[in-house]
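Engineer: So the chains spell out like this:
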Amino acid sequence: MSTAFALSGVTKRYENFALRDIDLSMPEGQVMGLVGVNGAGKTTLLRILGGLALADTGTVEVLGHDMPAQQVAAKSDLGFATEDMRLFKTRTLRWHMDFVRSIYPGWDEVYAADLLRRFDLRAEQRLAGFSHGQRVKALLMLNFARRPKLLLLDEPTTGLDPVARDEVLEALADVLRDEARSVLFSSHNTKDIEQMADTITFVHNGTLLASRDKESFLDDWRRVICHGSWVPDKAAWPEIAAVRQNGSIVELKVRQFSAGLLERMQTQGAEIRSADPMNLEDIFVTTVRAGGAA
Amino acid sequence: MNRSPLNWPVIRLLVAKDWQLFQQQLAACVFGGIVALCLIGMATGWSFYLGSLLLIVMLVCTSCFSISNSLLVERKEHTLAFVMSLPVTPLDYYLSKLIGNLVTFLVPFLAMLAGTVLVILYTPLPDGLVVLSLLIFGHVLLAYAVSLSVAMAVESEGWNIFAMIASMLLINPLIMLLGQIPAINDHVKADTIYFAPVAVAILLAQATLSVVVLAATGWVHCRKKSFY
Numbered sequence: 001m002s003t004a005f006a007l008s009g010v011t012k013r014y015e016n017f018a019l020r021d022i023d024l025s026m027p028e029g030q031v032m033g034l035v036g037v038n039g040a041g042k043t044t045l046l047r048i049l050g051g052l053a054l055a056d057t058g059t060v061e062v063l064g065h066d067m068p069a070q071q072v073a074a075k076s077d078l079g080f081a082t083e084d085m086r087l088f089k090t091r092t093l094r095w096h097m098d099f100v101r102s103i104y105p106g107w108d109e110v111y112a113a114d115l116l117r118r119f120d121l122r123a124e125q126r127l128a129g130f131s132h133g134q135r136v137k138a139l140l141m142l143n144f145a146r147r148p149k150l151l152l153l154d155e156p157t158t159g160l161d162p163v164a165r166d167e168v169l170e171a172l173a174d175v176l177r178d179e180a181r182s183v184l185f186s187s188h189n190t191k192d193i194e195q196m197a198d199t200i201t202f203v204h205n206g207t208l209l210a211s212r213d214k215e216s217f218l219d220d221w222r223r224v225i226c227h228g229s230w231v232p233d234k235a236a237w238p239e240i241a242a243v244r245q246n247g248s249i250v251e252l253k254v255r256q257f258s259a260g261l262l263e264r265m266q267t268q269g270a271e272i273r274s275a276d277p278m279n280l281e282d283i284f285v286t287t288v289r290a291g292g293a294a
Numbered sequence: 001m002n003r004s005p006l007n008w009p010v011i012r013l014l015v016a017k018d019w020q021l022f023q024q025q026l027a028a029c030v031f032g033g034i035v036a037l038c039l040i041g042m043a044t045g046w047s048f049y050l051g052s053l054l055l056i057v058m059l060v061c062t063s064c065f066s067i068s069n070s071l072l073v074e075r076k077e078h079t080l081a082f083v084m085s086l087p088v089t090p091l092d093y094y095l096s097k098l099i100g101n102l103v104t105f106l107v108p109f110l111a112m113l114a115g116t117v118l119v120i121l122y123t124p125l126p127d128g129l130v131v132l133s134l135l136i137f138g139h140v141l142l143a144y145a146v147s148l149s150v151a152m153a154v155e156s157e158g159w160n161i162f163a164m165i166a167s168m169l170l171i172n173p174l175i176m177l178l179g180q181i182p183a184i185n186d187h188v189k190a191d192t193i194y195f196a197p198v199a200v201a202i203l204l205a206q207a208t209l210s211v212v213v214l215a216a217t218g219w220v221h222c223r224k225k226s227f228y
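First to last, the sequence lines map onto chains A and B.
Oh and the first sequence: position 35 is 35 in our numbering, straight run, nothing missing.
Oh and the second sequence: position 198 is 198 in our numbering, straight run, nothing missing.
Here chain A stands alone, though its shape is the one from the complex (with noise of 0.2 Å):
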């Protein structure tokens, strides 16, 4: 199966942040998506395989092409979209759908139609004079509608309010169905990445903590609640990402979960009551806060 993308050995340095030793790939027709908090690197990685800002070090492929040598090839089937992009105010809509048009083959009238209804925009109207959830619309039907590869997508639904955001992710669901198509996107709402990424990938402070499938994910964390006067160490039970006691229960989040490790924790005097799913904000949070390893 050919990648989406491929990064290897990935650096970027800025005065007050660097992104380190990124390795990371993406097969084709596979959605994957970026969690991390602001100033993560979710961004700087993102304009990496945008071709808005070059690697210091390490090698970057885009739909089989290298950035930046062969950035024209790969950008020609790549849709991008960053929360702070922001398109001409002076100009209406359609003069944006006709100047992307122009420059792409792929663009797709009648499925831009289609998105302007959903998405209850008005082509003519200036951009000037529409609001932070219509401009963010804007922005993705002139990428949706030009039938990328590769959608690389910032934060597409930050500071939307319910109603568009649910019309952003149907749009995106919509996308998702081409089995061809692959996405890569960033969001702070982790129920976002829950619902719609194959595969999630975490970030904090310029580093990768973790890239998985996000069936095995969630599988391998758990929430355990004991009763009991044992506390475990955790430097003797790596399994264990975060412990906290109150009074006689002991609440552990398990970042390898696994029927044996209950019964070894039965032996050591711990009564289990319940060992339940944790959402992904909740493993994200205890994966940052516990130093790394997820």
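There's no promise every hint is true.
[To be verified] If you anchor each label on the Cβ, the simulated ranges turn out as follows:
#1 A/I249 to B/S226: 48 to 54 Å
#2 A/E281 to B/R223: 37 to 43 Å
#3 A/T3 to B/I171: 56 to 62 Å
#4 A/E281 to B/F162: 44 to 50 Å
For the record, the hints were derived by calculation from the structure and aren't laboratory data.
For clarity, every value in this text was computed on a predicted model and none was experimentally measured.
Even glycine gets a Cβ: it sits at the ideal position worked out from N, Cα and C.
Model the placement of chain B on the given structure of chain A, informed by the hints.
Structural biologist: What follows is chain B alone, placed relative to chain A:
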């Protein structure tokens, strides 16, 4: 590893885009230039000085609007990221900006230059003024090239404004300096056009420097590592 060839169709579209975004201010500048030339053409003392001042103001406006619209506003309003996400290389972008700016600036600049020469030749104004006018237009061209280069190479808005204002304000000392050169000043009020060797040398220096500054900027721009 094959490097991307220049993407001329997209470069053409980007130039056309800049032209469309600038055309209203461009029309206003050309209109102002025509009014200035009418005043100069009246060939009376007050109208000549008023017209000359207005013409220089219009040239400065054309220069500043052209650079501001296509580069500074694009960076400030985050439309640069949108443009750079299109299938272009930094060199494609540099060329589109260079060509786009030269078109949006040179069209009104050359129109005003031609109008100035024609007004001087076909009104009672002394024909010797043509050389001084060409030297002043040459300075505006050089000042524009410097401002354009700074706008492309330096992201600081403060430095960009400084470059635009400082380079254009140097017109005053230039006029004073040219007035101190007898080979130029002695022929300003003559009825014949005389290109003194020093005038030709200054014109050549202005043109050469303009080209060198723009070429050096292209070299710097293609080595930048961020485009958003």
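Engineer: All the hints need checking, so say for each whether the structure fits it.
Structural biologist: Checked hints:
1. About 51 Å separates the C-beta atoms of A/I249 and B/S226, a value consistent with the hinted range of 48 to 54 Å.
2. Under the hint 37 to 43 Å, the C-beta atoms of A/E281 and B/R223, about 42 Å apart, fit the expected range.
3. Evaluation of the 56 to 62 Å hint for A/T3 and B/I171 yields a pass: the beta carbon distance comes to about 57 Å.
4. Range check, A/E281 to B/F162: about 48 Å between beta-carbon atoms, so the 44 to 50 Å window is met.
Every hint from the earlier list agrees with this structure, and none is contradicted.
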